[in-house]
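Trainee: Read off the chains here:
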Amino acid sequence: MLVSFLDSVKYVGHLVPISFLRIFLGYYYLQSAMLKYTSDFLNKPKIAETISEFLPLSQAPEWYKVIITAQMIPQWQILAFLITGFEFAIAISYLIGYVVRPVAVLGVLLSLNMIFIMGPAYEDLNKTFLALHLVMAWIGAGRCLGVDYYFYKRRRGIWW
Amino acid sequence: MQHFIIFIFSIFFVLVLSFFNRKAVVDEAQKTLRVYGYSSFTSKLGPGFDLKKKFELTCNCRVEFVEAADSGVLLQRIKLEGATLGADLVIGLDQYDLQKALSEINWRKLDFSQLDIDEIIRPALSNSYFVPFDWGVIAFVGRKEDPLPAPKSLKDLTKSIYKNKIALMDPRTSSPGMQFLSWVYDSMGKDEGEKYLEQIMNQAHSFSPSWSTAYGFFSKRQVSYVLSYLTSPLYHQLIEHNNSIEAFTFTEKHPIQFEFAGIPLDCKECTLAEEFINLMLSDEGQKIIMNKNFMFPVIKSAQVGTPFEPLSKFNHLAQFKIPSVSDVDFLIKSWTSIRRGEKNAK
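Sequence order for the protein chains is D and H.
The first sequence begins at 18 in our numbering and counts up one residue at a time.
The second sequence begins at 85 in our numbering and counts up one residue at a time.
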C-alpha cells in the first residue's frame, strides 16, 4: 500500500495540486469538526438556535423549510452528531485519500444543507466548498497521494 | 461501496463512543435556566448580568442568556424552537408584543396580583400571563444649552427650526419607535396623525432601527433631540455627572412603556423561571434593574429615596392599554405606506 501510495505521484503526478487542495480541505474540516467536538456543539442546541435565527432569511425552498422546522430543529442533537460525524469523515478521508469520491458526494450534500441553514455569513463559503467537493468527486482526488490509488489499481470502478 | 459504508460507520461509532466516554464539558447534573432576552438586558452592562450572578449564588443552577436583537426575532425563535430547546423565561416584551405573543405561543399562567405596586402599574397586571418588571415614560430629550427653544408638543417638532435635528426610531424594529407612532395616532387621531407623520418623515434626521443607534446620534451631537425616556437625563447625571440633559414635557399626554416577562408553557425549568421572576421583582432585583436599565421599578419600595422617585410622580400620562394584534398591524402598515411615500402619492 505504501509503494502504491508513492507510485501514485509517478503515474498520476498531474493530480498533485489537486491532492494539495484535498489535504488542505481535509485539514480545514478536521479543525472544524474538532472545534465542534470540544465545544458544547453536541450538548447544547447551538445548531437549532442558528437555524431558527436564520431560517426566515434562508433561500431554501418552502418544503425544505418545513422539514427543517418539523424535523431538524426538534432533533437538533441528531443533527449536531450528523454534522460533526460527516465533518470528521470528510476530514479523515481527504487527509489520507481514502474513499474520496463517495465522501466528496457526501460533502456536496453537507455543503448544500449548510448553505440553507447556517445563515448568510457562511453562504458564500459553503457554495465554494460545494464546488470543491464536486471537483474532488469528479476527479477522484484520492488517487494521488492517497490510499485510493491502491484500490484503484486493483479494483477499478467508479468508487475510487 | 463496502469500504465507504464501513468507513462512515466506523467514524460515527468512534464519535458516539468517545462522546459518551469523555468528561462532560458542562456538569450535566446542574440545571440550566434558559432566559431569552434582548441584548441590552443580557449584556454585561445591562441588569441581566448582575441578576444572573445573584441568582446563581442560591439556585444551584446555571443561567444561560439567549440574546435576540428585538422582541420580534425573540418571538420568532421561541415559536420555531418550541419545546425542544425550552425557553424557560422570556424577558423584554412590551405591550405591543403581548397579544402577538399570546396568539403565537402558549404561556404559563402567572399570579402576581399581590405585589406591592404603584397604582399606575395595576393595568399592566390585568393579563394572566405576563408580569411587568419595569416601566418608563416616553419623552423627547435634549440639551439645556441648546440655542433652539425647547419643543413643547408633537406639533412643534414639525417646525422648520427643528429640521434634521430629531432622531427617531423605526417602529417596525424599535419599541420606542412604536410608542412614538402610537403616541401620534392617540393624540391626533387617524387622519391628522397620518398628515403629521408625512411631515415628520422629512423633518427627522433619521429613523434608526434601534433606540441605541438613535441615542448615539444624540450623544455624538449629530442631532439636538432624540426620542427616549423621561429617565434618560438621570443616566447622564448619575453616571457622567452631566446635568445638561433634560427631558421635555409635551402638551400631549406621554405614553408609558412596560417591559414584561413571561414563562412559555413548554418551559423545562419552570420553577427556576418563577424564582428568577421573583428575584427580578424583589427589592434588590428591582434596584438592579432600575440602576442598570434606567427605568422605573414596578415595586413601590425600590425607588424610595432615589433620584427616580420624584420623576415617577410625573402624571401627565396617557392611559395604558394593551393593543390588539390588528391595532399593531394597522400601525405598522400605516407607517410602512407613509414611509414608502404611498400616502403622498394619493
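Treat each hint with caution, since some may be false.
[Stated by the list, open to error] Restricting the straight-line Cα-Cα distance to at most 30 Å, the calculated cross-link-like pairs of lysine-lysine (DSS-like) are: (1) Lys63(D) / Lys247(H); (2) Lys61(D) / Lys352(H); (3) Lys384(H) / Lys405(H); (4) Lys137(H) / Lys61(D); (5) Lys193(H) / Lys63(D); (6) Lys247(H) / Lys61(D); (7) Lys417(H) / Lys82(D); (8) Lys384(H) / Lys63(D); (9) Lys247(H) / Lys138(H); (10) Lys63(D) / Lys352(H); (11) Lys184(H) / Lys53(D); (12) Lys128(H) / Lys61(D); (13) Lys63(D) / Lys137(H); (14) Lys137(H) / Lys352(H); (15) Lys63(D) / Lys239(H); (16) Lys137(H) / Lys371(H); (17) Lys53(D) / Lys115(H); (18) Lys82(D) / Lys352(H); (19) Lys163(H) / Lys61(D); (20) Lys228(H) / Lys247(H); (21) Lys239(H) / Lys61(D); (22) Lys247(H) / Lys53(D); (23) Lys82(D) / Lys184(H); (24) Lys239(H) / Lys274(H); (25) Lys184(H) / Lys63(D); (26) Lys82(D) / Lys163(H); (27) Lys128(H) / Lys63(D); (28) Lys137(H) / Lys53(D); (29) Lys63(D) / Lys228(H); (30) Lys138(H) / Lys128(H); (31) Lys115(H) / Lys243(H); (32) Lys61(D) / Lys193(H).
Read the hints as simulated data drawn from the structure, not as lab findings.
Trainee: With reference to the structure, classify each hint as holding or not holding.
Mentor: Going down the list of hints, with the structure as the test:
Between Lys63(D) and Lys247(H) the alpha-carbon distance is near 46 Å, which puts this suggested pair outside the 30 Å criterion. Distance check on the hinted pair: Lys61(D) and Lys352(H) sit about 14 Å apart at the alpha-carbon level, within 30 Å; holds. At roughly 21 Å between alpha-carbon atoms, Lys384(H) and Lys405(H) fall within 30 Å of each other, so this suggested pair holds. Annotation: proposed proximity of Lys137(H) to Lys61(D) holds, straight-line Cα distance about 21 Å (limit 30 Å).
Taking the CA atoms of Lys193(H) and Lys63(D), the gap is about 29 Å. The hint holds against a cut of 30 Å. For the proposed pair Lys247(H) and Lys61(D), the alpha carbon gap of about 50 Å is over 30 Å, so the pair is violated. Distance hint between Lys417(H) and Lys82(D) is fulfilled; the C-alpha atoms sit about 27 Å from each other, no more than 30 Å. Note on Lys384(H) and Lys63(D): the hinted pairing is violated, with a Cα-Cα distance of about 40 Å set against a maximum of 30 Å.
Between the alpha carbons of Lys247(H) and Lys138(H) the distance comes to roughly 47 Å, so the proposed pair goes past 30 Å and is violated. For the hint pairing Lys63(D) with Lys352(H), the CA-to-CA distance comes to about 17 Å; that is within 30 Å, so the pair holds. Distance hint between Lys184(H) and Lys53(D) is unfulfilled; the C-alpha atoms sit about 36 Å from each other, more than 30 Å. For the given pair, Lys128(H) sits about 22 Å from Lys61(D) by alpha-carbon distance, which is consistent with the 30 Å threshold.
Taken as a hint, the Lys63(D) and Lys137(H) pair is honoured in the structure, with Cα atoms around 23 Å apart against an allowance of 30 Å. Restraint check: the Cα-Cα separation between Lys137(H) and Lys352(H) comes to about 21 Å, which is no more than 30 Å; the hinted pair holds. At roughly 48 Å between alpha-carbon atoms, Lys63(D) and Lys239(H) are farther apart than 30 Å, so this suggested pair is violated. Distance restraint check for Lys137(H) and Lys371(H): the Cα-Cα separation of roughly 15 Å lies within the 30 Å cut-off, and the hinted pair is therefore satisfied.
Simply put, Lys53(D) and Lys115(H) have alpha-carbon atoms about 22 Å apart, close enough for the 30 Å limit, and the pair holds. With a C-alpha separation of about 26 Å, the suggested pair Lys82(D) and Lys352(H) falls inside the 30 Å cut-off, and the hint holds. Taking the CA atoms of Lys163(H) and Lys61(D), the gap is about 18 Å. The hint holds against a cut of 30 Å. The suggested pairing of Lys228(H) with Lys247(H) holds, with an alpha-carbon distance near 18 Å, which does not exceed 30 Å.
A threshold of 30 Å between alpha carbons decides the hint, and for Lys239(H) with Lys61(D) the separation of about 52 Å lies outside it, so the pair is violated. Using a Cα cut-off of 30 Å, the hinted pair Lys247(H) and Lys53(D) is violated, with the two alpha carbons roughly 53 Å apart. Using a Cα cut-off of 30 Å, the hinted pair Lys82(D) and Lys184(H) holds, with the two alpha carbons roughly 22 Å apart. Under the criterion of a C-alpha separation no larger than 30 Å, the hint pairing Lys239(H) with Lys274(H) is consistent with the structure, at around 15 Å.
Annotation: proposed proximity of Lys184(H) to Lys63(D) holds, straight-line Cα distance about 26 Å (limit 30 Å). Among the hinted pairs, Lys82(D) with Lys163(H) is consistent with the structure: their alpha-carbon atoms are about 14 Å apart, no more than 30 Å. At roughly 21 Å between alpha-carbon atoms, Lys128(H) and Lys63(D) fall within 30 Å of each other, so this suggested pair holds. For the suggested pair Lys137(H) and Lys53(D), the alpha carbons sit about 28 Å apart, so the restraint of at most 30 Å is met.
Between Lys63(D) and Lys228(H) the alpha-carbon distance is near 48 Å, which puts this suggested pair outside the 30 Å criterion. A threshold of 30 Å between alpha carbons decides the hint, and for Lys138(H) with Lys128(H) the separation of about 14 Å falls inside it, so the pair holds. The hinted pair formed by Lys115(H) and Lys243(H) fails the criterion: a straight-line CA distance of about 57 Å is larger than 30 Å. For the hint linking Lys61(D) to Lys193(H), the alpha-carbon distance of about 28 Å falls within 30 Å, and the restraint holds.
The structure is inconsistent with the numbered hints 1, 6, 8, 9, 11, 15, 21, 22, 29, 31, although it conforms to all the rest.
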